[in-house]
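First to last, the sequence lines map onto chains Y and Z.
First residue of the first sequence: 0, per numbering that gives the first Met the number 0; consecutive thereafter.
First residue of the second sequence: 0, per numbering that gives the first Met the number 0; consecutive thereafter.
Take these hints with a grain of salt, some might be off.
Over 12 Å on every C-beta distance to chain Y, these chain Z residues come out as not near it, computed from the model [unchecked claim]:
1. 34
2. 35
3. 46
4. 104
5. 105
6. 119
7. 173
Simulated coverage check for chain Y against chain Z, where a stretch passes if three residues somewhere in it have a Cβ under 8 Å from a Cβ of chain Z [to be verified]:
8. 11-23
9. 28-35
10. 257-265
For the record, the hints were derived by calculation from the structure and aren't laboratory data.
Idealized CB from N, CA, C, for every residue including glycine.
One letter stands for each residue in the lines below.
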Amino acid sequence: MITPLSSRLVFSAFTFLTFGILLGNMLLVYMGLMPVILLLSGLLLQKPSSPLGAELNIRENHYVGDIIRIKRSVKVVDGVGPVLVGEELPRLFELIEGSNIKLFWKGLAPLDAEFSYSVRCTKRGIYELDVMRWETKHGLELLESESGEFSIKQTLIVQTYPLQVKKIRQQKIFSNVPMPSEAQVKLGIPTTEFKEIREYSYGDPFKNINWKATSRRTYLMKPPMVNQFEMEGMKIVWLFLNTSTSMALGTTISNSLEYGIQAVMGLSQFYLGRNCRVGVTLYDDSKAYKVIRKRGEDDGSVKTRMMADFDPKSAQNAPIKGTVLEPGDFIIPDLGKRQLYSITHKMLETEISKGLFNLKQSVVNCRGHIIGGNPLFYIVTSVGKANYKSLEEGINELKRYTTTSRHLGSPIVVVHIAGYKIKASNENEKYAAEILEIEKQKYFRRLRRKGVMVVKWDPTRYRFTDMLLSQVRRR
Amino acid sequence: MRLRVQLVASLNLFVSLVASFFTTQLFFSAKISNELIDLTINYLKALVPTHISSYVTGDIVRTAILVFILGFTLYNLWKGKTGNIKNIYYLCIIMILPEVFAHSKFEWLKILWDIELYSPSKSFTETLFTSLVIIGGYIFLYLDSNFREAHLLVRRRGITDAEIETVYSNQSLFSITLVTIAFFVILMLSFAVQIIVEPLHRYVSLNNLNYVLFGVISSFLLASTLYIYLREQAK
């Protein structure tokens, strides 16, 4: 379709030609021919054809804060005129260098251009770079511009940085970071981690005989003693992450939930690297729903009743109507890289209010996987007045499935993220955040009295790795 | 790239000044404008009696008109919007019209009301050249201002100045190339018409029916062009 500019040229030509013919004036006729010839020659050279594009060498996996160099190529074969190409960046990507929108001039020769730009991934997530949009214009703007898009289909996975804790082989150093107290199953490949000394039984390898201990008992004519080692991957760690609105303190990019996810990822890598089975559950302590077990009711019936009773309209922060509630909204404990991948994927999709149940309810939901394993529980949350009661209820429920060992420490660890400190932007706010954190000391004391280990993490001052290393002591 | 933008800016200035200069020349050569200038001189003398001769006063008035036209052109060029370019164009067209109309073959005023038109003071080729310079210059300036306005919108979308300058300079050079081609094509056409007009006139005057034939063909061509244009607009 032609533009107003072309219409104006046609009108001018028509006026001059008409007056030229009426007055028998060849000068006016020639003046009228000028826009006509220009229009004809301009329209003979069409506007640029649809560009073809391609993506070039972009890795799929990135970490938060990484700077990605995105390269694109554009090819236009026919026509003359400006070519505008660009792609929409995900909302939370920061443009560091270059531009994601580019203007080229397509002359008589074919255009084969490349351009690149750098972006910083500010938040974890799975991002799709679907299409690249283009717009072509006529060289003289005699025709309307044409726009379209071509598919690039690229996925960028941005995850939190991995925890980089090196194994320190120094006997005088020990860590207070708790490990799960016992293995659930006694079969498996033994690790080098010592568990206990027991009497020799048929089938035990001779290399495991503890000769020192055996020699002390020889006068009793008792069987030799053997060293028992922990079996590989049989210890269980459960990570509970609070996704309530109380974790939204801070900005979209930097808030308690983001640091909570970082902590969960860090702990997952730490324990999976030590052959533990790690499970993850998302919960929301603002969900007030409770399930009371009736006499003689089994787990399946509890879940069914819970689903039937759940009223999304009345519950606070209820899920969107029509959402299928899955009581098993957790990752069951497993080990290895596949489990790490599952947890990473789950964490990438985690948002505020993603959890459907409160802590107690979540524990009830996954109790089938907990019973008998004596796992180590981590609860990553931001402790406060509003959620303390819910947290306490959840911890009471957890304590039903754990046995406390003086030697191995508390089996329940609460990682408290100092949310107000994340939000504080100036000195006054920092002081206020400090006071608010001091006010929370009473809750921490109460939790410790219950035998819970409380780890306070101020992400503005320490990395999660530093927080774990702070647990290392010299003998 | 900056150099090319400067080249385009220089071209803009050159084209406007040349168009204004030719316009003034054509205006001063037209008899009607000379009479208007004489009238102005007489009016001024009556208003402010001086001892300066009419010849000198005429020069002063002509210089004043030239300065006004150049100033008007430069001011509008500096403003650079499409509206300003139109102002230059209108002024130029109004000023050359007396000389252009003097080259008309049908004197409607004389036929209808017996009013005598002035005879041309410049040759046909000279007037044609000036007219084409003015109309070509206007088209170039108008396209150029159009590009500038379009690029202002593009700049708001985050395109860098360097890219805009590249495209703008290329577009301007592209438009001036096409305008120059059109200019020379018409010049050649005018020379060709001067050569073939005599034999064509002889052929056409052989039979009165030929006029009708040419008229029908021309009407058909005009109607079909209009139809294509309207269909294109409807899309």
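Quick rundown of the hints versus the structure:
A cut-off of 12 Å between C-beta atoms confirms that residue 34 of chain Z is not in contact with chain Y; the least separation is 21 Å. With a minimum CB-CB distance of about 21 Å to chain Y, residue 35 of chain Z clears the 12 Å threshold, and the non-interface call stands. For residue 46 of chain Z, the requirement that its beta carbon stay farther than 12 Å from each beta carbon of chain Y is met, with the minimum near 37 Å. A beta-carbon of chain Y comes within 12 Å of the beta-carbon of residue 104 of chain Z; the shortest separation is about 3 Å.
The non-interface label for residue 105 of chain Z is inconsistent with chain Y: the shortest C-beta to C-beta separation is roughly 4 Å, within 12 Å. Separation of residue 119 of chain Z from chain Y is inadequate, the least Cβ-Cβ distance of about 10 Å not exceeding the 12 Å criterion. The beta carbon of residue 173 of chain Z is not kept farther than 12 Å from every beta carbon of chain Y, the shortest such distance being approximately 5 Å. A stretch counts as covered by a chain when three or more of its residues have a beta carbon under 8 Å from one of that chain; for the segment 11-23 of chain Y and chain Z the count is 3, and the coverage holds.
Counting residues of the segment 28-35 of chain Y whose beta carbon lies closer than 8 Å to any beta carbon of chain Z gives 5, which meets the minimum of three for the stated coverage. With 0 residues having a beta carbon nearer than 8 Å to a beta carbon of chain Z, the segment 257-265 of chain Y misses the requirement of three or more and the stated coverage is violated.
Hint compliance for this structure: hints 4, 5, 6, 7, 10 are broken, all remaining hints hold.
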